[in-house]
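Engineer: Each chain, letter by letter, is given below.
2 protein chains.
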Amino acid sequence: MKVSTLGPKGTFSHETSLLLGADEILFKRSIWEVFNAVEKSECEGGVVPVENSLVGGVSQTLDSLIEFNLKINKEYLLPIHHNLACWGELEDIEVLYSHNLTLSQCEKFVRNYLPKVEIHETSSNAISAIELSNRKDKRYAALVSEFAAEIYKLKILKKDVQDEKLNFTRFFVIGNQSTLPTGKDRTSIVVSPSVNRPGVLYSVIKPFYDAGIDLTKIESRPSKKKMGEYIFFIDFKGHAKDKKISLTLKELSSIFSVKILGSYPRAY
Amino acid sequence: MKVSTLGPKGTFSHETSLLLGADEILFKRSIWEVFNAVEKSECEGGVVPVENSLVGGVSQTLDSLIEFNLKINKEYLLPIHHNLACWGELEDIEVLYSHNLTLSQCEKFVRNYLPKVEIHETSSNAISAIELSNRKDKRYAALVSEFAAEIYKLKILKKDVQDEKLNFTRFFVIGNQSTLPTGKDRTSIVVSPSVNRPGVLYSVIKPFYDAGIDLTKIESRPSKKKMGEYIFFIDFKGHAKDKKISLTLKELSSIFSVKILGSYPRAY
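Each protein sequence line maps, in turn, to chains D and E.
Under full-length UniProt numbering, the residues of the first sequence are numbered 1 to 268, in order.
Under full-length UniProt numbering, the residues of the second sequence are numbered 1 to 268, in order.
This is chain D alone, in the form it adopts within the complex (with noise of 0.2 angstroms):
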């Protein structure tokens, strides 16, 4: 399979791609630019990041499943472990390169060990990689991953430096059709209330309540109107042809604006 992903070389994005069997990748700058390739027919599908156990919720992604008319085709579940990579030994560390969010997942250890270091933040954890393995010099590390470092011929030091051991991203695979009923499956859908009065998500979770749905998500964003005025993403286990489901959301769609996002096979 043909897709399109979040480059360059060595991003997780990259490593959850071939996990998932994609046989050509098509590397892009942006979340945005991914869906934009899958839209104009370029790949089959697109590989995105949609959420981190620890950090919430990717909002570049959750705009783009709003902004572009593409179905979810896919979840996977891709196990984040990060490292540090250097030349030499902890204590000749000056400067360490390190995307934010892996930061932020990092920040006790960093705190512990590092606490003098100068940090660069970059814009992902393959850059990282890039960054270190264009300077060979022990004052310089990374925080990387396995996959990153051995595309890269990092040296690791430390192993799995993240705070929390539990760390998952989920992803999915975008595409332009829908995916067929399977018997365990997820759907994803957005609803926009566009009235901010109080008891608004009480409406919206009330139907799911009532039929017995099984809420797996509920996730709150700006709705970017107004400040205190949200819109929310909600997972729920189901097909949007099962029966139930179909009805459920019929009686939503008649009070808020819907958007189902896709049906999909469920990976946990």
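To be clear, the hints were calculated from the coordinates, so they are not data collected in a lab.
Watch out, some of these pointers could steer you wrong.
Which copy? The list can't say, so a pair holds if one copy fits it or any two copies do.
In the DSS-like style, the derived pairs of lysine-lysine whose C-alpha atoms are separated by at most 25 angstroms in a straight line are [stated by the list, open to error]:
#1 LYS237 - LYS159
#2 LYS184 - LYS243
#3 LYS206 - LYS237
#4 LYS226 - LYS159
#5 LYS165 - LYS224
#6 LYS259 - LYS244
#7 LYS217 - LYS9
#8 LYS217 - LYS40
#9 LYS158 - LYS116
#10 LYS165 - LYS226
#11 LYS206 - LYS250
#12 LYS259 - LYS217
#13 LYS206 - LYS217
#14 LYS159 - LYS225
#15 LYS237 - LYS224
#16 LYS155 - LYS241
#17 LYS237 - LYS184
#18 LYS226 - LYS108
#19 LYS138 - LYS155
#20 LYS40 - LYS155
#21 LYS241 - LYS184
#22 LYS158 - LYS138
#23 LYS159 - LYS243
#24 LYS244 - LYS206
#25 LYS226 - LYS237
#26 LYS225 - LYS74
#27 LYS116 - LYS40
Since the structure of chain D is already known, use the hints to place chain E on it.
Structural biologist: Just chain E now, with coordinates in the frame of chain D:
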């Protein structure tokens, strides 16, 4: 008032601290260090960003609100404007310094006006300004606030380049003491359900609905324990000492783990 906030000079946090009347400022490297300075009484208060109207919650602040036993004393809405600073014209620009959240707020502008530019992500808008001030060369540009441009003597070529004109960041002032009711307050709590059964969010918000309490925000965050398990940051109108609210919080606490993060005068 002596406060700690996110440095270096020129951050939105710095600007907010001055607008709130701070006359002495301790600049810290991370939000965790701002909380720590307040807890250790190095200063009277800490000024931290909590959410942006376009991007959503600031995870380091939400994490620190859980970790530390401090109280929210005040909220403040700072209007956010991003500007393109450079030494020459648009067509001269080859490298753009930007914080990654700023970049995502100016994505359409950059896509349309600077499609081929090389992006160097920085750890803050103030650092973007410092990087540009260190390179007085028309090939370089940065996305910065007017405040940072003034401090670092930069030239603004294009004002207000963010994609959505309505853009606010909400800040909290945190301290060691609780604040008294003013009659126009808001309260923030975090609820950790510790069970992951269907309908848990429904049970969390139903008591508020039943008591007629006006929820102004609900934000789900990963519990960090298990994929698909969430905790909820909830804001509502009123003070924790109000009778209706104290009864509702008591009811909620009998079912879930609830932490009151503070009651404080409403800014909107």
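Engineer: For LYS206 and LYS250, with the copy left unspecified, which applies at a CA distance of at most 25 angstroms: within, between, both, or neither?
Structural biologist: both (14 angstroms within a copy, 23 angstroms between copies)
Engineer: How would you classify LYS226 and LYS108 at a CA-CA limit of 25 angstroms: within, between, both, or neither?
Structural biologist: between (36 angstroms within a copy, 20 angstroms between copies)
Engineer: State whether the alpha carbon distance between LYS155 and LYS241 is at most 25 angstroms within one copy, between copies, both, or neither.
Structural biologist: Cα proximity of LYS155 and LYS241: none, with 50 angstroms in one copy and 56 angstroms across.
Engineer: If the cut is 25 angstroms between Cα atoms, do LYS237 and LYS159 qualify within a copy, between copies, both or neither?
Structural biologist: neither (36 angstroms within a copy, 46 angstroms between copies)
Engineer: Within a copy, between copies, both or neither: where do LYS165 and LYS224 come within 25 angstroms Cα-Cα?
Structural biologist: The answer is between: 10 angstroms across copies meets 25 angstroms, while 34 angstroms in one copy does not.
Engineer: Give the relationship of LYS206 and LYS237 under a CA distance limit of 25 angstroms: within one copy only, between copies only, both, or neither.
Structural biologist: both (16 angstroms within a copy, 22 angstroms between copies)
Engineer: With 25 angstroms as the alpha-carbon cut-off, assign the pair LYS158 and LYS116 to within, between, both or neither.
Structural biologist: Within one copy only: 18 angstroms inside a chain, 37 angstroms across chains, cut-off 25 angstroms.
Engineer: Is the C-alpha distance from LYS165 to LYS226 at most 25 angstroms within one copy, between copies, in both cases, or in neither?
Structural biologist: between (37 angstroms within a copy, 11 angstroms between copies)
Engineer: At most 25 angstroms between C-alpha atoms: does LYS226 with LYS159 qualify within a copy, between copies, both, or neither?
Structural biologist: between (44 angstroms within a copy, 22 angstroms between copies)
Engineer: Given identical chains, is LYS158 near LYS138, meaning Cα to Cα at most 25 angstroms, within a copy, between copies, both, or neither?
Structural biologist: Within one copy, since 15 angstroms is at most 25 angstroms while 41 angstroms is not.
Engineer: Indicate which option fits the pair LYS206, LYS217 if close means a Cα-Cα distance not exceeding 25 angstroms: within, between, both or neither.
Structural biologist: both (14 angstroms within a copy, 17 angstroms between copies)
Engineer: Is it within, between, both, or neither for LYS184 and LYS243, if the alpha carbons may be no more than 25 angstroms apart?
Structural biologist: Result: close within a single copy only, 15 angstroms intra versus 46 angstroms inter.
Figure legend: structure checked against the earlier numbered hints; hints not met, in rising order: 1, 7, 8, 16, 20, 23.
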